[in-house]
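Visitor: Protein sequence lines, in the order shown, are assigned to chains A and B. Note that the first sequence covers residues 1 to 335 in our numbering. Note that the second sequence covers residues 1 to 578 in our numbering.
Simulated from the structure, these hints should not be mistaken for lab results. Errors might be hidden in some of the hints.
Derived EDC-like pairs (lysine to aspartate or glutamate); straight-line CA-CA distance at most 16 Å [said to hold, decoys possible]: (1) Lys361/B x Glu145/A; (2) Lys441/B x Glu145/A; (3) Lys281/B x Asp395/B; (4) Lys441/B x Glu203/A; (5) Lys261/B x Asp278/B; (6) Lys380/B x Glu145/A.
Here the structure is a predicted model, which means the values were calculated and not measured.
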Amino acid sequence: MVELSETVKDILRLPILFLFVFVLLFILFLSLSVLALWGSVYSEGREAAVLVVETYIPQLLLQALPAAVLVALFILLARIAAKPGSRFLSLLIPLAGAFVLLAFGYQILQRSGPADQAGPGVSRPGVVEPTSRRYLIPGVFNATESKVIYLEQIDGRTISPVVLAEGGSAERKLLYFPQGRVSVGEDSVVIRMAGFTLEIDPEPAFGEMFSADPLLRRLFADLDFLNRELGRVFRLSLPAFYFAVLALVIAFYGSGMFLRLSRWHLLNVTLALLAMRGLLALFRFMSEGVVFELDKVLKNPQALQFLPEVALLVVGGLFLLLDLLFVPFQRGEAE
Amino acid sequence: MVQNPFSILLLFYLLAFGVFFFYSIFTFPPYLATFQWPFVWTNSFKLFMHYCIPVTVAAVAVAYSLLPTAETVRMRASSQPFARLVSSHLTTFIALTILYTALVLGLYPLALRNLERFVSLTLEARTFLDKAEAALAEQDSDTALLNYQRYLAIDSDNRKIMGLVSDLQMEMIAERPEPQPVEQRDLDSMRIKDLAEGKEPYELLQMAESYFDREDYFSAHYYANLAFQIDPNRRDAQRLAARAQEMIASKDLSKLEIEEKQLYERKREGYEYFINEDYFKAYQVFRELQDRYPQDADVMSYLNKSEEQLRRETFFLDEAEQIDTLPGATELLFVNFREGDEREIVFIGKLTGLDAGIFCKDIEVLRFSAQGLLYHYYAKYGKLRDGTLNLHGVDRRTDARKAAPRESVPRYLSGVTRLRRERLPYMLSVEPTLEQLPTLKGGRTASASAETLGFFALWQARRQIGSYGYLDSYISAEILRRLLLPFSFLVLCLLSVAVGWRFQARFFARPHWVILVFMPLFPIVAIFLTALYLHAQRILLAFVLLRLGFSISLIVFLVLQGLLLLITMIILAGQRTD
């Protein structure tokens with residue numbers, strides 16, 4: 001009787017908790033992404049910034065979704081490990097919940113969003129073309145990788161006058177140019193001045209204020225890759241997308257095994273977090289490292305297009321098997 | 001099980017510092033060997049401060065997760081209720097936060113500046129070494145010796161270079177011609193005993209007459225001539241000077257008297273230079289005389305006067321050149337002048353304070369307007385005084401008899417004519433104050449470049465840096481970032497207490513030593529979690545800063561920190577008590 005009431009409680013409690021945490025995290029991640037995007041285009045003026053943010057909101061929604069689902073899944077698993085209820089429901093609810101949220105949420109957002117996955121810094125015809133004002137501000141020193149540019153005014157693609165610092169010889173650090181032409185491309189911003197061409201990365205003028213710590217860049221790059229990969233398989237076919245989502249959810253659920261591994265719960269949480277981080281890195285490594293290398297030697301590289309997802313599924317399945325066979329479900333409770 | 005969580009914290013700190021110390025030893029960049037240990041200590045401190053929050057978070061969480069609980073009380077009968085435990089530790093956490101604040105706001109930027117110093121001095125030293133080797137190859141021993149000595153001023157323990165310098169000096173001594181026997185001079189007899197300074201023409205004439213009566217015709221001529229120059233109406237003075245001149249000419253001069261005559265003539269030459277405002281020439285003459293006649297009061301007096309005048313218009317290159325071997329603020333870039341459509345951009349390679357004043361090196365000035373480039377010049381050295389950068393350096397050690405003394409003046413790369421029209425062509429008025437100059441670093445206001453500035457320097461720079469061509473938003477963002485660190489330290493410390501307590505170990509026996517293997521994992525995870533926490537807040541604060549300004553963002557910052565602290569305290573209070 002007691003077990004039954006616990007099961008009923010789990011049926012109600014776990015989905016609500018999962019949904020609640022997911023919504024909170026989704027709002028948080030989305031808000032931060034919007035603010036960061038706004039900051040990166042702030043130098044173009046308020047109207048342009050609002051326009052860019054409006055344009056890219058659907059895409060930001062898509063980007064925030066996987067991260068919110070996966071973190072919510074981890075929190076739910078930690079909750080289950082701390083207060084275990086029904087083992088079956090503890091398996092079913094997180095897996096099904098995460099799958100439904102990610103797979104169907106992604107589909108809904110994708111339908112309401114842009115047709116492709118181009119990033120905010122990438123130009124798309126008819127949407128928002130970045131101008132030179134996104135990367136250069138008149139009246140101040142604009143620092144690029146190794147050089148500093150001072151310009152007095154921007155008139156469309158023309159900048160004038162321009163002073164380039166750190167150029168020239170040791171006794172001529174400053175170079176003066178009456179005017180220059182700016183070409184904003186997808187991968188670079190090219191400034192052409194009389195006899196001098198400067199190619200810089202398209203880093204927004206206020207971008208560094210919103211940029212991530214170097215320690216986080218790899219994590220964000222892995223998350224970006226996950227988003228791109230989900231977008232790719234979504235465009236490929238719906239079953240392929242479901243397979244990718246399933247592999248991802250199983251892998252992350254499987255790594256929840258670490259939450260019940262030992263009697264030291266802090267260590268368990270730490271190991272679980274590391275395992276999840278490792279899965280993200282593995283996913284990217286399989287695609288950019290292994291698949292890329294195998295592509296060169298195999299005759300039919302198409303066969304490898306789902307290798308990262310298969311790898312996740314295998315690792316996740318292995319974790320699940322170990323969990324079911326060797327890790328006691330009740331370890332979270334005091335022994 | 002742990003009895004005192006702070007012993008674990010101390011252990012984590014020691015281990016972290018040890019790891020950073022060994023890491024710094026093995027990653028020592030190709031700086032001069034003399035900087036190895038200073039670099040290792042400074043870099044260890046820098047890394048320790050950089051990772052202090054995650055290390056603390058990990059240590060506190062581990063410590064509280066290993067505290068004895070009611071369930072493990074069988075093992076040790078020292079379990080305490082959580083509330084009592086935490087309240088007793090709260091003071092220590094606040095004290096730790098204060099200490100962290102002092103270190104991160106005070107010493108950390110200093111350490112970063114120190115690391116920059118190692119780089120710039122290494123580059124300077126290598127330049128001297130290259131110059132010395134090039135000079136040696138060209139048999140120019142003087143230049144080689146000078147550059148080796150400059151190198152040694154930076155790398156004073158380099159035995160190899162010390163040996164080279166010693167050998168070079170020995171060679172130069174051996175090559176020097178035999179010195180002539182020094183003449184025995186009765187210096188006392190040759191000096192003019194009274195000063196002309198501050199005397200009226202009639203007084204000078206009286207002095208001249210007195211010397212004439214005593215048959216000291218050189219002094220008599222000098223003072224009579226001086227009286228006549230001050231007051232050309234004094235024909236009596238002119239006559240006395242002529243009589244003294246006749247007596248000098250008619251006398252059969254002894255060797256001593258010849259020398260006295262030469263001294264007099266050189267003094268008069270120097271004096272004329274002084275009167276004609278050629279202070280450099282006057283300085284050279286009196287300097288040379290002072291070497292030979294150190295007790296001559298007139299020489300001393302006019303030497304000081306010439307030097308004083310010279311310092312107003314020029315600076316001495318030997319003083320300025322000391323900047324080469326000293327650390328200082330490097331690569332300063334700023335908009336110095338804005339009026340109408342005219343702008344002036346100034347680049348200063350290095351700025352250092354010496355005993356002789358504030359000196360600059362590698363100065364480049366470029367002024368333009370809507371019509372085009374007005375002028376562009378480069379000066380090797382400059383002396384900053386009262387907001388004016390003097391760009392005219394002279395070598396006071398140059399031989400007075402040489403036609404062209406070594407001097408340093410701006411070299412025009414473009415548009416020389418305009419500046420020549422100006423009243424003081426070698427003076428550059430510098431808009432930023434001396435305190436502001438180090439904040440104008442290389443045109444880069446991003447946090448990475450502002451990190452080396454002290455907190456109060458940043459605070460002061462924020463108001464005016466915009467007028468020097470910098471985005472003040474970056475400075476404001478850096479101020480907020482620095483303020484965020486101590487608050488985050490406290491909030492995350494308290495949060496990790498709750499986390500540690502929430503995820504406590506349930507060991508019935510003494511934990512196996514193998515758990516030590518997992519210890520490094522905690523800081524690794526803490527690094528990511530704290531970075532995410534800080535990143536999220538930075539995004540929010542940067543947005544408020546750009547949208548609403550610094551004052552509002554400061555208020556939002558304080559409210560946010562208060563809220564986070566409140567939530568943390570609620571989480572802490574919500575922990576089970578046993």
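Visitor: Of all the hints numbered above, which does this structure not satisfy? Sort the numbers upward.
Guide: Checked against the structure, the hints that fail are numbers 1, 4, 5 and 6, while the rest are satisfied.
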